[in-house]
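Trainee: Sequence:
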Amino acid sequence: MKLLIKNGTLIDPVCGLGGIMDILIEDGTITVIGNDLDDRQAQVVDATGLHVCAGLIDMHVHLRDPGLTYKEDILTGSAAAAKGGFTAIACMPNTKPVADSPEIMEYILNKAKENCGVRVLPIGALSMGQKGGEITDAKALKEAGAVAISDDGVPVQNANLMRDALLRAHRNKLTVLSHCEDDDMVRGRSVNEGRVSRQLGLPGRPGIAEELMVMRDAMLAEETRTAVHICHVSTANSVNIIRQFKRKGVRITCETCPQYFTLTHEEILRQGTMAKVNPPLRATKDKLGILAGLKDGTIDCIVTDHAPHSAEEKAKPLTEAPAGMVGLETSLGLALTYLYHTGELSLNDIIQKMTINPAKILGLRSGTLALGAVADLTIFDLNERWTVDPDQFASKARNTPFAGMELQGRVKYTIVGGKVIYQD
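Residue numbers (the working numbering): 10 to 433.
Mixed in with the good hints, there may be bad ones.
Straight-line alpha carbon distances no greater than 25 Å define the calculated DSS-like cross-link-like pairs of lysine-lysine that follow [stated by the list, open to error]:
1. 257 with 182
2. 105 with 120
3. 122 with 11
4. 105 with 323
5. 11 with 323
6. 140 with 105
7. 325 with 120
Rather than coming from a laboratory, the hints here were simulated on the basis of the structure.
From a predicted model like this one, the values you see are computed outputs, not experimental measurements.
With the hints as constraints, model all of the structure from the sequences given.
Mentor: Set out below in structure tokens:
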């Protein structure tokens, strides 16, 4: 099978590709890049006026499958990913049952074969049942298909257990993804500690609860020489800590999400539970710190932390509703609108944080348009304006604080293995 992409503006931070060119794909592989290519046997995609990059990779997604499929499942989550331009998504293990065994890895991978074509990459739990007591078998999880291990959603409180898990992960060449929060400081608290929490008369989640754990895991990464990836960084001080350890050569990487460089905790006053996420939206100084980390390269990846919930759950009072928002279908539009079109980041930098950087962290052989590379591509209109309408989402869930917002930049095609799996 052949696919010919014509007249697209290529962008590849790895190869330095740029300009208007054609791409010929044969049997799922990029075989020719040039001008005025022609192949009468190939399906043609006219990318005139559009940008073409390696397929977007989201390394932090909650698919809720198995066990919580009333919120989302592998098929609907994959459809949402394709609509958002993602060719690969890594799914967190906080399912029911927890993804802590080869059997659950097998279930996820088998069900993913039925989806629209998006590559689903399971992340295995760090501890059995995510209970923080017994470490999982990292070797068995990797052999079953896990691309990393994490107890995301249930931060690892025991430093000794975390250290042991890092040592095992290091032996098995797996990255550990760490959700950094001190549970005693945040349990039962819904919003960021600050002016908004005081106005609402609620106990707040202090930024120091995240920063203490970031420092702990950075120190453990240095001591064990294990690759540690800090999930959904939300405070300026967390960025500063990671920056310092990176300068020392420690194997530490991190990510943030669009909500942390677009919104602040003030959004809670306007949207209530729709703006309740974990970690919480922070103050303006933290938003500026996140932007600084994105600009200087301290923050490696932009992810969604796609966290679908039912309308009934999100309709509960602020203190009872679950934290989280969906993000697969808005991520690229938000990044382009708030980072590129504002002049904060170059297009090259944005694409790097959404393609090759997550690929490297997870050990994937993707993220580039190089000759011979797997033909996973995203084609988007850099300037098209559109309004976020949750009723049009492919996801089962509608919980987004960006409903009704006008964004600039829209996915037009998603291609996996040389096959068009989404077209706008």
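Trainee: Next step is simple, just say for each hint if it's right about the structure.
Mentor: Hints, one by one, checked against the model:
| no. | hint | in the structure |
| --- | --- | --- |
| 1 | 257 with 182 | holds, 21 Å |
| 2 | 105 with 120 | holds, 15 Å |
| 3 | 122 with 11 | holds, 22 Å |
| 4 | 105 with 323 | holds, 20 Å |
| 5 | 11 with 323 | violated, 45 Å |
| 6 | 140 with 105 | holds, 13 Å |
| 7 | 325 with 120 | violated, 32 Å |
Taken one by one, the earlier hints fail for this structure at numbers 5, 7, listed in ascending order.
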